Amino acid sequence: MWQYLSYIEGRNTQDIDLILSRQDLDNLSEIKITEENKDFIRGNFNQLQIDVLLTQNKLFNTISQQFVTEREFGNRLIRCVTVEGLIILKLYALPSLYGQGKFDRASIYENDLLLLLLNYQVDLPPLLKLLSKHLLESDLEEIKEILANIQARIKRFSSQQKRLDTE
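With positions in the sequence shown counted from 1, the corresponding number in the numbering used here is that position plus 149.
Some clues are possibly wrong.
[Unchecked claim] Have a look at the derived ranges for each label pair, beta carbon to beta carbon:
(1) R191 x K282: 23 to 31 Å
(2) L226 x F189: 49 to 57 Å
(3) S287 x E221: 17 to 25 Å
(4) L197 x Q309: 32 to 40 Å
(5) N186 x R312: 44 to 52 Å
(6) R312 x F194: 43 to 51 Å
(7) E221 x N268: 36 to 44 Å
[Stated by the list, open to error] Calculated lysine-lysine pairs in the DSS-like style (CA-CA distance at most 25 Å, straight line):
(8) K207 x K304
(9) K304 x K282
(10) K187 x K282
(11) K187 x K207
(12) K293 x K282
(13) K251 x K311
(14) K278 x K187
(15) K304 x K293
(16) K207 x K251
(17) K207 x K278
(18) K311 x K207
Treat the hints as calculated values from the structure; they're not laboratory data. All values reported here derive from a predicted model rather than from experimental measurement. Here a beta-carbon is modelled for each residue, glycine too, at the ideal position from N, C-alpha and C.
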């Protein structure tokens, strides 16, 4: 399962994110593991960085089962995370990134969220309900505040676009 940012125009990453079971990862001997914890593994495939979200994490498993689609790459269909799945994963990561002081990555994730929500119609309440089962209440409140800020920016962009369209 690929976590894929082709949904975002101009978002060019130098890594690939996968959602796999540990057993499936063990079958990919080409990936050289460089970091590991209970939910995440980082490794390299040649010069490409690979981040693996392990399905032993219940949220990641849910994403791999319920938030998937197929996208065409060249002449192949590849199973990928949906826009909603990406939004869930980005939101889930933000409290941890802030807690670790990784503000550069948090900023990138927030911008990814902005672009996804700007370009796709997404019903956020069901996504927040799912996240509420996997996050502390304080983290969920932080996410709601971040989303409110993003939605305010989208509203501002929409107002500006309307002004441009009427000129």
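Consistency of beta-carbon spacing, F189 to L226, with hint 49 to 57 Å: Violated, at about 27 Å.
Assuming the hint says 36 to 44 Å, is it satisfied by the Cβ distance from E221 to N268 or not? violated (19 Å)
32 to 40 Å as the expected CB spacing between Q309 and L197, which holds or is violated: holds (38 Å)
Holds or violated: K304 and K293, Cα atoms, limit 25 Å. holds (16 Å)
Between the alpha carbons of K207 and K304, is the straight-line distance 25 Å or under? violated (34 Å)
Could one say that the CB atoms of R312 and F194 fall in the range 43 to 51 Å? Because 47 Å falls inside the window, the suggested range holds.
Is K293 close enough to K282, meaning Cα to Cα at most 25 Å? holds (15 Å)
Taking the Cβ atom of N186 and the Cβ atom of R312, is their distance within the range 44 to 52 Å? holds (48 Å)
Hint check: K187 vs K282, CA-CA at most 25 Å. Holds or violated? Roughly 18 Å separates the two Cα atoms, so the pair holds.
Pair hint K207 and K251, alpha-carbon separation not exceeding 25 Å: holds (24 Å)
Using the C-beta atoms of R191 and K282, is the stated range 23 to 31 Å upheld? holds (26 Å)
Between K251 and K311, is the straight-line Cα distance small enough, at 25 Å or below? violated (36 Å)
Violated hints for the displayed structure, listed by number in ascending order: 2, 3, 7, 8, 9, 13 and 18.
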